[in-house]
Amino acid sequence: MILVLLGTQENSFERLLKEIENAIEDGIIKEEVIVQAGHTNFKSSKMKIMDFISPNELNKYIQKSNYIITHGGVGSILGAIEQNKKVIAIPRKKEFKEHVNNHQMQIVENFNSCGYIIGIQDVEQLQEAIEKVDKFKPKEYVSNTKNVIKIIEDFIDK
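The sequence shown: position 41 = 41 (my numbering), numbered continuously.
Since the hints were derived computationally from the structure, they do not count as laboratory data. Every value quoted in this text rests on a predicted model; they were computed, and no experiment measured them. For each residue, glycine too, the CB sits at the ideal point set by N, CA and C. Wrong hints could be hidden among the right ones.
What the hints assert, rightly or not - Derived CB-CB ranges, DEER-like:
{"hint": "1", "residue 1": "E140", "residue 2": "N102", "range": "24 to 34 Å"}
{"hint": "2", "residue 1": "F96", "residue 2": "K150", "range": "37 to 47 Å"}
{"hint": "3", "residue 1": "K132", "residue 2": "K64", "range": "18 to 28 Å"}
Start from the sequences and build out the full structure, keeping to the hints where you can.
As structure tokens, then:
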């Protein structure tokens, strides 16, 4: 199963779902596709599309998925790589009115250059990324949150 995460942004990311549907039609994607679409209003008989998924249910889908296709949101990317999932990430873009600016391009590029994800900049690169995902070995993500909390606690204790 492939999980697609579009986050909770109030802008549509229909371009990505159209490209996923094309990949299904072209036989590139043969697995079941589950989509958390947020505010993207897209109908397809080829995917199971839900607007929003509860955190518990989302976690179950992440665990079951073979890999995740997501927008360039930090929360969606981190939620997946913290569970050691392979991720293909594509940024929402301002020019398509998918976001207020292009910060997701940098987020995707940074996670990609660190080796955590397969980051692409355009939906047209999706099929190529899907063909690479089986052999992709992501770098293990190690959270630094505990270290940051310890530094803050030590500072407060002084």
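Hint by hint, here is what the structure shows:
1. For the hinted restraint 24 to 34 Å between E140 and N102, the CB-CB distance of approximately 29 Å keeps it satisfied.
2. Between F96 and K150 the CB atoms are about 42 Å apart, so this pair conforms to the stated range of 37 to 47 Å.
3. The hint said 18 to 28 Å for the Cβ distance between K132 and K64, and at roughly 22 Å that hint holds.
Checked against the numbered hints above, the structure breaks none of them.
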